[in-house]
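Below are the chains, spelled out letter by letter.
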Amino acid sequence: MSSIWSDRPFLAVLAAVLAVALSLVTSIAVPFGLSAYLANAIGQLAAFAVLALSLDLIWGYLGILSLGHGLFFGIGGYVVAMYLLKHSFEVTGKVPDFMQFMGWTAFPFYWAGFGYFVYAALVAVAVTLLISGVFGYVSFRSRVGGVYFAIITQALVYVAMLLMFRNDTGFGGNNGMTGFAVIFGWPIGSRGVVISIAAISVVVLALTMLGCRLLLQSRFGMLMIAARDDEVRLRTLGYDTLLLKLAVWCLSALIAALAGMLYVPQVGIINPRLLAPDLSLEIAVWVAIGGRGHLIGAVIGAVLVNAIKFWLSAAAPELWPFILSGLIVLVVFVFPNGLVDLAGFRLHRPLISRLSSEPAELNR
Amino acid sequence: MIRSLALVLWVLVVAWCSTAHAMERADLIGKVCGDAAAMGEAGRAMIDIAAEGSPDDRAWAALIPRSVMDRKLSCDATGAVIASADGSVDALTRAARSAADGSRSPLLSLKNRAMFETADAALALRSSPDPARRAAALRTLERQASNLPEQLFEAAGRDESNPGLKAQISAVAQGAALNSPDMDKRIAAIGRVASSPDRRALALVGPLTNDPAYGANTDFRRAVDAASAAIRRGITIGDMLATLYNGLSFASILFMAAIGLAVIFGLMGVINLAQGEFIMLGGYITWLVQEALRLIAPGLLQWYLIIAIPAVFLVTAAIGIVLEAILLRHLYRRPLMSLLATWAVSLFLINLVRVTFGTQNLQFVTPFYVTGGVPVIGDFIFTWNRMFAIAFAVVTLGLTWGLMRLTPLGLNIRAVTQNRTMAGCIGIAVRRVDMLAFGLGSGLAGLAGLALAPIYSVNPQMGQNFVIDSFMVVVLGGVGTIAGTIVAALGIGQINVLIEPLWGAVAAKVIVLLMIIGFLQWRPEGLFAIKGRRK
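Each protein sequence line maps, in turn, to chains A and B.
Per this note's numbering, residue 488 is the first one in the first sequence, and the count goes up by one each step.
Per this note's numbering, residue 337 is the first one in the second sequence, and the count goes up by one each step.
Here are some of the chain A residues that sit facing chain B, going by a computed Cβ distance under 10 Å: (1) R628; (2) I638; (3) Q641; (4) A642; (5) V646; (6) L649; (7) F652; (8) V772; (9) R779; (10) W807.
Hints were generated in silico from the structure; no laboratory data involved.
Computed from a predicted model, the values in this text were never measured in an experiment.
Quick reminder that beta carbons are idealized off the backbone N, C-alpha and C, glycines included.
With the sequences and hints as input, model every part of the structure.
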């Protein structure tokens with residue numbers, strides 16, 4: 488991949504993201520500027536964009552479609568919700584709703600330590616790495632790929648959803664967790680805190696974009712693209728594609744968990760519906776609509792689709808599924824490479840797709 | 337001479353009998369009009385009549401207890417008179433007459449009132465023409481069954497014409513016999529109860545271990561122990577059979593949903609995420625056929641499940657063909673994008689149906705051929721609605737197998753599945769085969785929806801509940817083989833229902849998923865992979 492300085496579209500999007508971050512940061516200090524509502528919406532969009540980046544990394548650059556990325560998003564979300572609840576309980580003394588429903592007076596033992604954010608973050612990393620590592624290892628080792636991999640990940644997230652719907656697991660059951668009051672000792676609903684979290688999300692988005700871009704132009708990134716285009720050849724040349732795929736898969740899972748950790752404090756609730764297979768599929772749809780195999784495509788797709796969704800779910804909720812399916816069909820017919828086609832961006836197309844006009848997926 | 341003597345004797349016997357009847361009846365009326373003790377005897381006598389009396393006697397006595405309780409019977413010097421809406425009649429002869437002056441209505445004591453209630457119920461059970469009244473009477477008698485003469489229930493069970501009520505009567509009779517004071521009868525009753533082992537029988541026999549006789553009488557204890565062991569064994573077998581049966585019906589639905597998926601996947605490498613929605617559409621088309629029959633030919637309404645078969649198959653197959661022709665065709669080289677495209681179709685179909693029909697469950701007529709079932713053993717009932725799904729799946733399997741093995745289309749589908757390029761080279765119209773196969777797969781999913789209609793709720797979301805399980809069947813079974821799909825559907829269906837009662841539905845899904853991931857370590861291409869070059 489070419490050097491970052493010659494990649495003008497990427498720099499333009501990155502600059503736009505940084506500009507949004509800057510305007511958010513200045514709004515914290517001054518009483519005018521962006522409203523808390525708008526900042527919150529921007530922050531959620533940024534979290535979704537990070538999530539889309541995580542999927543684009545594995546799907547767009549390694550050719551492995553995961554329909555279960557909601558699982559890692561959910562792990563991050565659940566862990567940060569546990570931190571927020573425990574922390575709020577320690578500050579305000581209010582017993583969380585789900586414990587009242589279950590008639591519990593004390594937190595289950597595995598909630599110990601969740602009052603500390605650093606511990607919670609470490610748990611999120613550990614759990615994400617454990618699940619993605621074990622699942623990735625057994626799948627890639629037996630060379631499960633393509634559609635097989637996609638539907639097994641979908642079953643994985645489905646099972647996780649069923650598990651979380653149970654009320655006796657100590658993670659809120661079907662009502663989920665809500666009623667967060669305090670974050671890092673600050674009241675979570677105040678304008679300054681809301682805008683701060685949004686600003687952090689946007690900054691994280693910019694850093695993730697930059698990090699992924701640098702990774703992709705490194706030697707490792709070249710290997711990823713090589714594995715996507717012809718894994719068998721790469722393996723024949725003596726590279727260990729199992730390790731490569733596993734590393735990218737785990738990294739992608741970690742980024743998704745990070746997105747979940749940004750998302751949940753901003754919406755103020757988490758419940759098992761976040762783990763519904765539909766949401767995980769939707770992530771793939773954002774990436775496909777924006778342009779898979781382009782980092783900016785993932786960001787643009789996630790922001791655009793979710794902005795329309797925010798707007799429509801207030802204006803005409805019945806219409807949204809039709810528009811979403813229409814968008815997908817539009818992408819299928821008119822912009823096979825996503826909306827980045829629209830701008831005529833010509834990025835790093837692999838040789839094989841230049842020959843065949845449509846990007847091929849050899850490891851189906 | 338001898339003949340005339342016999343005739344005289346006969347006349348005498350008949351006269352004696354009828355006078356005896358008359359005397360009994362008069363005696364009864366006298367007791368009804370007597371003091372509290374006499375009235376109690378009258379109550380018992382009427383219960384005996386209900387148990388052993390002739391139909392005449394029962395019909396005669398049936399009116400009395402209710403009249404006494406309602407104070408409609410008044411006693412005077414010559415007997416008693418029963419007042420009713422049609423005028424008053426003599427209690428003994430039932431000839432019309434009115435009560436003499438100074439008549440009084442006998443008042444029941446609390447104890448006698450209960451006795452008369454029982455007598456009324458006993459007589460109603462034996463002689464009322466109305467099944468609802470007989471059922472109500474049985475409920476009244478049930479509470480004190482062990483204090484009643486057992487001939488009452490025997491005779492009532494023998495004469496009963498309503499099969500449901502007949503079973504209830506024999507159940508009450510068994511319960512009564514179990515608590516009979518006569519030990520031989522108790523032991524015999526235990527044996528009879530154990531001959532139909534189910535949870536109800538266990539509930540009857542189980543408490544007998546706390547009976548004083550259980551400690552005192554060894555024969556009794558042995559009979560109780562043997563009976564409860566036999567019943568438990570029966571229940572276990574019944575539960576196992578029921579689990580297998582439920583698993584089989586679940587597996588047949590899975591099979592019908594998955595066989596289409598497997599054919600399409602093998603052929604085009606496309607997983608159709610809208611497969612669940614074709615199941616849903618099948619259910620809705622079945623409903624539309626039912627409603628159309630209701631309007632056009634109400635006489636055929638019962639047969640809508642059969643009449644809908646061609647309609648469901650053709651319509652869902654046509655929708656599938658249209659879908660393939662306008663959408664999936666363009667995604668042939670991008671199977672992962674086709675996942676998203678079929679998901680868009682699924683989203684569109686769910687919401688289209690939701691907007692058109694609403695989200696509520698559809699109401700289906702239950703035809704007589706899928707109603708009820710045959711009780712086999714324990715609590716296992718061989719229900720016809722599940723049998724319908726199983727039989728339907730078997731027929732579908734047979735036809736699909738025939739289609740794949742014996743027709744030119746099947747030959748082409750198998751050829752394209754094995755080697756698309758080579759099949760194209762030798763002149764098979766590959767695109768046409770794709771289209772027809774997609775139509776076939778969609779039509780089979782639609783038929784799964786039809787088979788589900790009598791056993792499952794049909795609503796816009798219903799497809800979602802099957803789709804992930806049927807994907808697992810395809811992953812496990814391998815592509816393009818009917819045998820693999822059958823084995824995988826049976827396996828997943830059975831494992832689901834086997835684990836569910838032990839650890840719950842969630843654990844069943846988790847274990848099935850883990851088993852599939854583990855299995856793929858061993859055979860990444862599925863159970864019955866087609867031998868060939870690895871792609």
